[in-house]
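Visitor: One-letter residues, chain by chain:
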Amino acid sequence: MTANGPQTVASSESSGSATDAAMTDDAPLGSPRVDDAVIESRDLDVYYGDDQALHGINMDIPERKVTALIGPSGCGKSTFLRSINRMNDLIDIARVDGDLYFHGKDVYDDDVDPVALRRKIGMVFQKPNPFPKSIFDNVAYGLRVQGKDDGDVEKKVRTALERAALLDEVEDQLDSSGLDLSGGQQQRLCIARAIAPDPEVILMDEPASALDPVATSKIEDLVEELAEEYTVVIVTHNMQQAARISDKTAVFLTGGHLVEFDDTGKIFENPESDRVEDYITGKFG
Amino acid sequence: MSSEPLDLSRESNDVGNTVDKAAKWIFFSCALVTVLTTVAIILVLVDGAIDFFSEVSLVEYLTGTEWNPRDSADPSFGVLPLVWGTMVITVGSALIAIPVGTLTAIYLSEYADERIRSALKPTLEVLAGIPTIVYGFFALSFITPIIQLFYPDVGVFNALSGAIVVGIMIIPMVSSISEDAMSSVPDSLRNAAYGLGATKFEVSTQVVLPASLSGILAAYILAISRAIGETMAVTLAVGMLPQITMSPFAEMQTMTAYMVEIGTGDASVGSIGYMSLFALGLTLFLMTFTMNLGSMWIRSRYREEYQ
Ligand SMILES: Nc1ncnc2c1ncn2[C@@H]1O[C@H](COP(=O)(O)OP(=O)(O)O)[C@@H](O)[C@H]1O
Ligand SMILES: [Mg+2]
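Chains as they are written, first to last, in my numbering: chain W, 1 to 285; chain L, 1 to 307.
If you're looking for bench data, these hints aren't it; they were derived computationally from the structure. Think of the CB as a built atom: it goes at the ideal place given N, C-alpha and C, for glycine as much as any other residue. A hint or two may mislead.
Said to hold, decoys possible - Far from chain W, by Cβ distances over 10 Å, these chain L residues were calculated:
(1) THR18
(2) PHE27
(3) THR34
(4) TYR111
(5) LEU124
(6) PHE150
(7) MET246
(8) LEU293
(9) ARG301
What the hints assert, rightly or not - Distance condition first, Cα-Cα at most 30 Å in a straight line; then the derived DSSO-like pairs of lysine-lysine:
(10) W/LYS105 / L/LYS200
(11) W/LYS155 / W/LYS120
(12) W/LYS133 / L/LYS200
Let's have the full structure, built from the sequences with the hints guiding it.
Guide: Structure below.
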C-alpha cells in the first residue's frame, strides 16, 4: 500500500507489527510509506534529559536502497540513525518513546537484545575510528565478536576489503596498523569492518564529511554498490551527495521534525513543502 | 591604524622582557633545586655504601643468607633475608592490588554511572591519603586477628598480614592510574565495537584494556615500586626477624623495616650497623629506580596513538 501525500488515518495500537500500524498526524509530507520496508519508525520521540531531539518521526526505510537523511546541523539526523540500532542506549540521558520496527519487530520491546540488533544493523561513523590493531584484525573483529570466525576468516576479511574497494591498496600490508592508513582509506576500512559480519542494514553517519573530494567520491561510489546487497541509511549534510547517491530522501528540519520524505528525485525537483524547497535551494540552513 | 611609528625594537618592550627573563631564572632555579637534591641523595648513599663495602665484601652482602650486623662477635651481612622479606611483601601485595585495582578501574571507567563514580573516586583518593602508619595499626588490630581466627598459631607479626595491608594500600594507585588510562581511550573506539555487536564486557576487555595497556602496566610498576619502598606499615605488621622462609605466616623483616630499626636504635654513627643503612638505601634506590625506568620505557614504547 503506497500512499502519496500525508496520511490522516488514526493510530491503531492493535498489533505488534507496523505493517498495519497507521501513520498519525505527525506524518511528514511526501510518501513516508514504502512497500518493501525493512525499518518502520512510528511516532518516534527521542529526548536528551528534558530536551526533545526528535518529534514523532514516521517513516519507512526500503530494503536494498539508499535512504538519505538530510537537514541542517542539530536537527536530529544522527539521533535518528542511532535510534535504529539502539546506540542511543549508550548515552545515559537519552530516552526513546514510540516504536521502531525492524522486520515488523519493535526493537524497543523488552525482549530485544541491543547487542543482537547491532549484529544485524552495522554502523559507520562520521570520523574514521579504526581500532589500534592491524588492518586484518580490524576487519576480523566483528567476525570474532559475532562468533562468525569459524570458517575461513582470511577469505571473509579479504572479501570485505574487496567490497569496500580497499583490498588493492592494502593487500601487502594486512598486518600493519589500521591507523597508518590515510583518512579515506581508514573510512573504507571501517566500512569493510562493518560489512564483514554481513549485516542486513548499514547505517552511515556523514561517512565522508572528514574526507577530501577524491576520497569522498570513492565512498559515494561504494555506497551505491553496497545498496545492491544491503539496506543503506546515510546521513549527510551535503545535498548534492544525497541527490547523487540516494533513492529516498528524508528531510529533517530544525527542532527535530521530519518534514518530508519521498523519492530522492521528487524531493530535489518538486518538494511539497516550501520549507524543504527553501532548504534545498539554499535559502536557509 | 596606529598613528605612532612602528617600533619593533627590543628596547620598546623593556618591562616585558625583564619579567620574562626573571621568570625564566626563577623557574630554572626551582628545577635546579630538585635536580641537585636528587644528586646529593645519590652521592650520600654512594659515599656511605663505599665505606660499608670497604669492610664487608660485596659477595657476602649479595649472597649471604644471614643478616645480623649487631652481633659484635660474629656479625653477618647477607642482604638476602631482607630482600626476601621485601619480595614476599611486594609480590603478595601485587597479587592483591593488581587484580582488585584493575577490576576497580574497569568498573569505574566502563560500568559505573556518573553518580557512583563521583562517590567512589574520592573514597579511593582518601584511601591513598591515609598515613601508612595507620595501615600498620590496621594490620595489627584488624587483619592479623582475622588471620588468627583461622590459624590460631599465627604470631602477631607475620608476612601475610603485611602483604594484605600493603596490597590494600596500593590498590588506589593501581586503580586511579589505570582508570585515567582507560578513560582516555576515545569513545569512538568503544562505539566502533558496540556498533559491531560487542557486549560491554567485550568492549572493556578487547578494546579498552588493550588500548590503555601501556598506562595500566605503568600503574602496576609504580604500585610495585611503592610496595618495595613501603616502610611504616610493614615495620608494624611484618616484624623484625630477617629470615628466609616459605611460610607466609612467619615473622620477617623487610629492608625498609631494618632501616627503621637501625636508624631509630642505638647504632652509633660510623659503626658498621650504621653504615649498612647506606648500602641498603642504595640497594632500594636501585630497585625502585629500575622499576621507574621500566615504567617510562613501557609508556614510550607502547604509547598508543589516536587521532
Ligand atoms: N549525547 C547528547 N547529549 C545531549 N544532547 C545531544 C546529544 N547528542 C545530540 N544532542 C542534541 O540533540 C539534537 C540533535 O543532534 P544530532 O542528532 O546530533 O543532530 P544532527 O546529526 O542532525 O546534527 C541537538 O540539539 C543536539 O545538541
Ligand atoms: Mg550528526
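Visitor: Tell me, which hint numbers fail for this structure?
Guide: No hint contradicted; all consistent.
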